[in-house]
Structures are given as C-alpha cells and as structure tokens.
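Enquirer: These protein sequence lines are chains A and B, in that order. Going by our numbering, 77 is the number at position 77 of the first sequence; the sequence numbering is gapless. Going by our numbering, 1008 is the number at position 8 of the second sequence; the sequence numbering is gapless.
Because the hints were derived from the structure by calculation, they are not lab data. Keep in mind it's a predicted model, so treat the numbers as computed, not measured. Check each hint, because a few of them may be wrong.
[As the list claims (entries may be wrong)] Partial chain A-side listing against chain B, Cβ under 8 angstroms, derived: (1) ILE36; (2) LEU40; (3) ASP46; (4) GLU48; (5) PRO56; (6) ARG57; (7) GLU73; (8) PHE80; (9) VAL81; (10) TRP99; (11) LEU161; (12) GLU197.
[To be verified] Pair ranges (Cβ atoms, derived): (13) B:ARG1289 to A:PRO95: 53 to 61 angstroms; (14) B:ARG1289 to A:GLY42: 50 to 58 angstroms; (15) A:ASP110 to B:SER1225: 28 to 36 angstroms.
[Stated by the list, open to error] Cβ-to-Cβ under 8 angstroms is the rule here; a few derived chain B residues that face chain A: (16) ARG1011; (17) ALA1012; (18) PRO1013; (19) ASP1014; (20) TRP1023; (21) VAL1025; (22) ILE1026; (23) ASP1185; (24) ARG1186; (25) THR1190; (26) THR1226; (27) ALA1230; (28) ARG1234; (29) GLY1236.
C-beta atoms are modelled at their ideal positions from N, C-alpha and C, and glycine is treated no differently.
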Amino acid sequence: MFPPAEPVPVAAEALAASGPLPRRGVRRVRGERALIRGALAGSEADLEELFRRFWPRAYRAAYLIVHDHAAAEDIAQEAFVRAVRHLDQFDRRRPFAPWLGAIVVNRAIDWARARAARRESVDRTLEPVAAPDAGGYSHEVLAALASLSPEHRAVVVLRYLLEYTPGEIAQALELPRGTVNSRLRRGLDALEHRLREGERA
Amino acid sequence: MNAKRALSRVRAPDETGAEQRAWVVIHTAYQEGLPASSRRVRWRFAVLPVLVAVAGAVALSPAGATLARWVKHTLGVPHASSALFSLPAPGRVLVSGPGGTWNIAADGSARRLGSWSDASWSPHGLYIAAVRGDHVAALNPHGTVMWELARPAVSKPRWYPPSGFRVAYLSGDTLRVVAGDGSGDRALATGIAAVAPAWRPGRADGPYELAYATRVGQVVVRNASTGRPAWMARPGLKHIRELAWSADGSHLLVLTPTRALLYSQNGRVTATFSPGGPTLDGSFSPDGRQLALLTGGAVDRVEVGSVSSGASSLRPVFSGSGLRQLAWSPNGRWLLVSWPVADQWVFARVVGAPRIAAVSHIAGQFGGRVSPGGGFPRLDGWCCQRWPTGQ
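Go ahead and model the full structure; you've got the sequences and the hints to work with.
Expert: Structure representation (structure tokens):
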C-alpha cells in the first residue's frame, strides 16, 4: 500500500477562517525602517516583526495571481528569502512593501506563464494537494480573476490588494503608465461583470 | 458587488499555516546569511600545505609501502565475469547513468525504469524516488510513475526510513519535503549545499529529523514537521560531500574531501577519520555497526572498521586506481565497489573468508560509458534484505 500522507490543510476550512491573522502580544509599533535596521544588526525579533507585518499580503497577492496555494507559498517565501538576503542593499528611504511586492508579483507572473508547460501530477487517482475550494466572495472573486491573464491579474492585485499607485505599478512591472491604466480599467470591468453575473445566478 | 471591496476580503488558504512554515524557512535563511565563516578562511589556507605534507609523508613511509602492496589490480580484476549474471547477495541494485535508471534483480535481470537520475529506494524497496529535469517523481519498481511534481532544478530525493512517509529533496538551493504520496510539498530550508539530505531513522510516524548541509559548511539536523533545529554543528566544513545516518540513528557520518567525521545524535564529534588522502565515499553497514570508507591517494582503497572502535579498527578490503563508489549488500556481507576506469563492478566479501568477484562491461550493460569523469553508471543503492513479494 502506498504510504498515507499527513493531513494537509483543507482550503475551504482555511478560507472560512478569513479574519485577521492573530496578533502576537501587544507591543509598541515600530517603523519598518527601525525594523530593517534592527534586522541588519542581527535582531531576529525585528526580522520576525517585519515578516509578520508583510507576509499576509505577499502570500495573498501571490495566491490571487497563481491560484495555487502551494505555489503562492513558495513564491512569497522565495521573495522574502531574496529580500532578507539583499536587505543590506535596500534603500531605507523608500517603503519596504512596494519593494517586496514587486518581487512577489513578478515571480508570480513568471510562474503563471510557465504553468502551462508544467505537469503537477500524472497520477489521476491521487487527490490534488489541497485543491483550493473557496466559498462565498472568495470563490466568486477567484473565478473572476481566473478569467484574466496573469498580467492583468497582477495589475489588479497590485492596485487593489497591495494598494500601489499606478505609477508604482508601472515601475514595479516595468510598464508604461498608460498600459497600467488600461489594464486596470479592463481588469476591473471584467471583474465587476463576472461578479454581477455571479450575483444574478 | 464592488470588485475592489471583494478583492480586499479574499483570504488565501491556510494563511496561518503558510505563515508558520514560511517563517521557519526565512528565519533559517537569515541565520545562515549572517557572517559566520569569514574568519575561518585564513587558517584553512594555512592548514592546506600541512595536509599535503602529511599525505606525502604517509605515501613515502613504511605504512605507505604497505599500502602499495595492497595494489594487486590496477587495470581491473582479472577473470572478471563478462556480464552481470547474478548478485552475490539478496536484494536489488539501483543504478543511474546516461542510459537512465535501472533496477537490477538478484538473478542479474535488469529493468530500465526510464530516463531518470539520482534515484533512491524507499525503505522497503516498494518505491523509487528519482528526478528528471525539473521533475521529481515516485516510481514503482516496474517504472510506473506514481506521482510527479514539477519544481526547478530538483535533485537527491531521499525517503524517510523506516516508513517512507516523507521524501526530502533539493530544488536548487532549497530543501523541500513532500509526503510519501506526493502531497503537502513544501520548503523546509534554503541556502542548502548540493549534498543529499539524510533522514535520521526513527519511528514510522516520526519525529522526522533531517540532516542537511548548508552552503556555509554547516551540518544542521532539523525536525521537518515543526521546523525546529535539533542541533547545528559549527559552520566551516567546506565541501561536505555526503551525509549518512547509522541504522539506529545514533551516528551521523559527514564526509568532507579530506575527513570523515562521526557525529553523535546530539551533534558532538565522536570520531574523526583522516586518511591522508581524499575521502571519496563512505557508508554504514545496514546494521550500523561498521563503516566502509573509500579513500584516494596513490591508490584508492576500501577499508572497513567498527564504528565503536574508530579509525584504529579500519582494515583494508580492496584497492585499485580510479575506484568511485561503495554500496553495502542488504545483508551486510558484501560491498559493491564501482570502478569506472576498469569498467567493472567489484563485489568484496567483508564477513567471513575474504572473497572478490568482479563483473566487466558494466557501462555497456547499463547504457553508460567508461569515463573517469562521469558517464559510468552511478550506484544509487542496494535494497532490501527481505524483498517484497510480487515485485
């Protein structure tokens, strides 16, 4: 008999717990510059604070672009590892989130483009790894996002999840500002159209 | 519904679990990125000439002359069998080379499993983990793919003994762990050296402790379920080439180019073998009581000794120029030594009366080529003492 797997998280359960992530104690909120300075000086507590602050959005952003939670976890992890390794090169006068977000989103776009060439499993009798089974808003939003190309998804996610300005999106994705605006408009129109259809159904 | 508001309310699956797992990886990357080994570089340069001088002295000494007498066969064992008709002990041998991966039965019959490499047996020989390009897969002994994952630059998949409930593998410099059925694949650590990870033998259901080498030359043993380190050796062991646990999980063998180190289960060095030449391969016997070492020099030699007695108990088993790899038979009575330049496999009996048996034309039989640099089929393991029925 093939060895059984350890239980893996069921996506629907995880999505149901959609509240804010648990806070770890009450502490004075420190600015990200101070956290980066502390992490560079060897403070693991500062690194952890930085990580906890920025991880949820990085993971969600990757997930909304690739629609595969295992891949999203990998992408966000790799982005953080890269950020940690290059922390000393980071310009501390700039905000940390756009820098990290650009790494996440660009990796996610690359992954989504390459996905068609990859086979995740050849044994159809095995269950997929915790297939996302979103419910409620999440399901509809995911379905609507799935109708967009990875490039359009990325622009929408950067604008409305990570709250980039169109100028920051243009910089992060190395696109002309006009292209960003047109992708945003088309992406948002498509999303609202799909969501309205979902409501009527 | 407003699309912007809906988007902001989306949550990804298992956010808390993903966050905990990611923190382990990022914390590890942070710790391993801290400057730790820069001071060691200088004394390493100082030690190198000393090591070279010691190696030279050994070669010219009476002990070196004794070594020279062991050399009976420089161009291969004479009267070797022209083909592999049988193995001298039960079990099956797994080999990989340019011709793909082969599963060789005790009667000498061989089945090609496909264009795979870096293969390894599951603990009871029920499955084989192998890689191909950007894919890691589990196969049955007939070569049927049970599951397959796409990850970049995969290598060195290893099953958890004794149950096979986990497989560890490398993807670039990231160490990843997947359940035995291909589910739950995730990263455990990053900044990993290109050395096969080694599971510490334990109970069927864990704890799943995994030894690996980092790029800064540190050996780390980490619990793959919790991500917590069990112990970490001091960094600076550059060019670690192999890690292997004894069958009872009490000793970890760490091979570097010049030494073989034995660590206790708590991370203390209990024995050091410094053969005076390069250490090429090393392996615990299946019962974990003996250690076989393949070391290089004017002549490469295979020695076997008791783990408890250390270096003083090493006794010569076989020697020749250009030996490459070792594999114990599952019953612990034979050692299989690969000899690419002679295009031979040599079976050396290490229990009871010494005996040598050799087989020629190995490269031709398994789709490889005779080459000291590579291309000769690589030994991926000899498994198992009790072979599952129906295989």
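Enquirer: Determine for every hint whether it applies to the structure shown.
Expert: Quick rundown of the hints versus the structure:
1. ILE36: Violated: closest Cβ of chain B sits about 12 angstroms from ILE36 (chain A), beyond 8 angstroms.
2. LEU40: Given a least distance of 10 angstroms, the restraint on LEU40 (chain A) is violated.
3. ASP46: 10 angstroms, violated
4. GLU48: 7 angstroms, holds
5. PRO56: 6 angstroms, holds
6. ARG57: Check failed: Cβ of ARG57 (chain A) comes no nearer than 10 angstroms to chain B, outside 8 angstroms.
7. GLU73: 5 angstroms, holds
8. PHE80: 5 angstroms, holds
9. VAL81: 5 angstroms, holds
10. TRP99: 16 angstroms, violated
11. LEU161: 6 angstroms, holds
12. GLU197: Constraint on GLU197 (chain A) not satisfied, violated at 11 angstroms.
13. B:ARG1289 to A:PRO95: 53 to 61 angstroms: 60 angstroms, holds
14. B:ARG1289 to A:GLY42: 50 to 58 angstroms: 44 angstroms, violated
15. A:ASP110 to B:SER1225: 28 to 36 angstroms: 31 angstroms, holds
16. ARG1011: Since the shortest Cβ distance to chain A is 4 angstroms, the answer is holds.
17. ALA1012: Hint holds; ALA1012 (chain B) Cβ to chain A Cβ min 4 angstroms, cut 8 angstroms.
18. PRO1013: Hint holds; PRO1013 (chain B) Cβ to chain A Cβ min 4 angstroms, cut 8 angstroms.
19. ASP1014: Cβ of ASP1014 (chain B) sits 4 angstroms from chain A, so the hint holds.
20. TRP1023: Holds. Min distance 6 angstroms.
21. VAL1025: 5 angstroms, holds
22. ILE1026: With a closest approach of 5 angstroms, the ILE1026 (chain B) hint holds.
23. ASP1185: Constraint on ASP1185 (chain B) satisfied, holds at 6 angstroms.
24. ARG1186: 7 angstroms, holds
25. THR1190: Holds - the Cβ of THR1190 (chain B) comes within 8 angstroms of chain A, reaching about 5 angstroms at its closest.
26. THR1226: Since chain A brings no Cβ nearer than about 12 angstroms to THR1226 (chain B), farther than 8 angstroms, the hint is violated.
27. ALA1230: The hint is violated - ALA1230 (chain B) has no Cβ within 8 angstroms of chain A, the shortest such distance being about 19 angstroms.
28. ARG1234: Because about 18 angstroms separates ARG1234 (chain B) from the closest Cβ in chain A, which is outside the 8 angstroms limit, the hint is violated.
29. GLY1236: Hint violated; GLY1236 (chain B) Cβ to chain A Cβ min 19 angstroms, cut 8 angstroms.
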